[in-house]
Amino acid sequence: MVDAALEAPALTGTRRRSTLHRAMRRKSTIAFLMTLPLILLVVLLVLYPALYSIHLATLNKSMERFVGFGNFLFLFKRETFWMVVRQSCLFAITAVIFKALIGFIVAHFVHNIPSRGQRKWRGMLLVPWVIPPAMSCLAWWWLFDPSYSAFNWILAQFGVGPVPWTGDAYWARFSVILVNVWIGAPFFMIMYLAALKSVPEQLYEAAAIDGANWWQRMWYVTLPMMRNIMAITALFSLIVTFANFDIVRILTAGGPLDKTHVFATWAFWLGIQGSDIPLGASVSLFMVPILTVAAVFILRDIHRRASEMS
Amino acid sequence: MTAASISTGAAPARRRTYGSMSRDRRWALRWSYFFLVVFAIFFLMPPVYMLITSLKTSAEISAATNPWWVYNPTLGNYIELLTSNQYLTFFRNSALVSVIVVTITMLISVPAAFALSRMRFWGSVTLATGVFLTYLIPETLLFIPLFKMFALVNEYTGIELINRWWVLLLLYPTLTVPFCTWIMIGYFASIPKELDEAALMDGANYRQILTRVFIPVALPGLIAATIFAFTVSWAQFLYPLAFTTSADQLVLPVGIVTSLIKGDVFNWGQIMTGALLGAAPPLIIYAFLMDYYIAGLTAGATKG
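Those sequence lines, one after another, are chains A and B. Quick note: numbering that gives the first Met the number 0 has the first sequence finishing at residue 309, numbered continuously throughout. Quick note: numbering that gives the first Met the number 0 has the second sequence finishing at residue 303, numbered continuously throughout.
Hints were generated in silico from the structure; no laboratory data involved. Backbone N, C-alpha and C fix where the C-beta goes; we use that ideal spot for every residue, glycine too. Careful: at least some of the hints might be erroneous.
Stated by the list, open to error - Computed list of chain A residues with no C-beta within reach of chain B, every gap over 10 angstroms: (1) Thr34; (2) Phe80; (3) Trp81; (4) Arg121; (5) Ile130; (6) Trp139; (7) Val159; (8) Phe186; (9) Met224; (10) Phe244.
As the list claims (entries may be wrong) - To give an idea of the interface, some chain A residues facing chain B are shown, with a C-beta separation under 8 angstroms as derived from the structure: (11) Gly69; (12) Asn111; (13) Pro199.
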């Protein structure tokens with residue numbers, strides 16, 4: 000339809016215009032030219048570096064000699080590497096679970112109150128997501144400060160001893176996850192709230208007439224209706240959390256004793272600060288498998304919904 | 000709502016149930032408010048504590064008093080930062096980078112989204128999927144190869160890219176363009192086909208359809224994408240940390256972290272003031288355009 004409409008004026012002037020000119024007026028050429036900057040950007044600054052990092056990972060430190068899997072074998076032998084793997088998984092999975100849980104609970108509370116107050120509460124609760132993470136992490140760092148910690152001051156009022164928020168390995172792990180949950184939970188809240196609002200009210204009425212209690216309504220109506228958005232939000236968040244850099248970098252810089260390093264911060268530490276670019280590239284490549292799995296699931300969901308709609 | 004509608008139905012038969020249900024409802028509401036207050040305290044505590052600290056003098060911060068209260072409020076930290084050339088340089092760099100990146104992003108992603116959503120051509124479906132996949136690639140995977148690439152560019156052409164603030168103009172679009180294109184495809188696809196067919200009938204060309212029909216109709220989506228591009232470029236931390244080092248090239252997040260923290264002496268009042276001022280632009284935009292912001296947020300994952 001659109002084709003025909005565009006072709007019509009072009010045909011009348013065929014004789015006078017050159018072939019090149021005609022090609023320029025063709026719809027597909029125009030469309031290609033419109034997407035060209037995007038294609039260039041993606042190919043040069045995303046696709047090429049991604050492949051280049053695989054090449055980099057096979058070089059030695061001075062980047063003159065090909066070492067094959069040497070960097071990976073070297074990493075496998077290092078205690079720190081396995082610690083980073085464990086910490087990355089622990090960090091990402093725990094944080095996503097708690098973000099989803101808190102987001103779900105808060106979304107229900109917001110959904111429960113009269114709708115004229117909802118906008119105000121929603122706006123207030125999304126603030127952690129809006130503040131640049133680097134800035135809010137500074138605030139958290141100051142709240143966790145070993146000598147002036149405002150949290151420890153409150154705890155001291157109740158007679159609880161000072162907590163080494165970022166000094167002790169276990170507490171430091173807890174702290175980085177806590178901050179991540181604080182930043183990410185509002186996003187889940189917004190997504191779940193949107194999902195809750197999209198559940199038709201009639202379903203609840205039907206369930207209530209059938210005598211379903213609160214728990215049954217939740218299990219048989221709310222959750223199945225929200226399942227899609229819940230899954231996709233969790234996958235998105237898993238990708239972002241797994242690749243997170245800012246929080247760990249600012250709060251602990253990987254310490255104490257590399258106990259809180261995740262892939263991103265360790266890769267930065269080795270690659271940029273330690274100027275061993277191949278080793279840093281090898282470390283960051285270990286993020287690829289989990290990212291691929293999440294991406295495949297997200298894509299499958301999107302395709303399914305696209306085919307359901309058409 | 001549900002409780003009310005069922006109880007009115009059963010009202011004549013069971014008067015008592017009606018009363019207890021509305022009482023349940025009232026209690027549910029009270030508990031909701033209670034927990035919302037608890038969560039609001041949790042979510043708003045760090046920014047509030049930033050504000051509290053920023054109003055204190057260094058002497059008061061190091062004194063063993065209640066850290067949650069300001070005894071002698073002062074604007075000294077604000078005055079000192081806003082008159083310091085260094086901080087203003089960070090702010091200027093951040094503002095320049097963000098504004099230019101937003102412009103570049105919109106110039107690239109709006110035409111691309113239009114072409115991908117309306118003008119089917121060879122490979123357009125694959126490309127749309129590819130754009131989405133690009134959005135899923137995190138910057139933490141790309142910063143090392145990009146760093147090396149830019150070092151090589153310098154070696155071969157002599158153009159110094161590392162440690163220049165404008166290198167960020169190349170880097171940030173890799174984060175903003177895929178997402179903005181993706182949500183604009185979603186917004187454009189929701190515009191009814193009849194609209195552009197009517198415009199074509201009237202003799203409009205593609206440029207006119209885009210600027211006269213699509214952009215005005217999809218304006219909410221455009222605003223959401225703009226806000227997103229701005230917040231992402233304002234908040235980005237990894238790229239400037241890796242690619243810029245000298246004090247006059249830094250943007251705000253990195254500037255505060257690296258230059259306000261000198262050695263072991265933490266001037267917490269100034270750090271918190273700097274962080275709060277740095278968080279202000281996204282917060283102000285959010286305060287005024289909250290609905291667009293939230294629409295963009297939910298569109299990113301749900302459109303498709």
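Structure-based check of each hint:
no.: 1; hint: Thr34; verdict: 5 angstroms, violated
no.: 2; hint: Phe80; verdict: 16 angstroms, holds
no.: 3; hint: Trp81; verdict: 19 angstroms, holds
no.: 4; hint: Arg121; verdict: 7 angstroms, violated
no.: 5; hint: Ile130; verdict: 4 angstroms, violated
no.: 6; hint: Trp139; verdict: 6 angstroms, violated
no.: 7; hint: Val159; verdict: 16 angstroms, holds
no.: 8; hint: Phe186; verdict: 7 angstroms, violated
no.: 9; hint: Met224; verdict: 13 angstroms, holds
no.: 10; hint: Phe244; verdict: 5 angstroms, violated
no.: 11; hint: Gly69; verdict: 17 angstroms, violated
no.: 12; hint: Asn111; verdict: 4 angstroms, holds
no.: 13; hint: Pro199; verdict: 12 angstroms, violated
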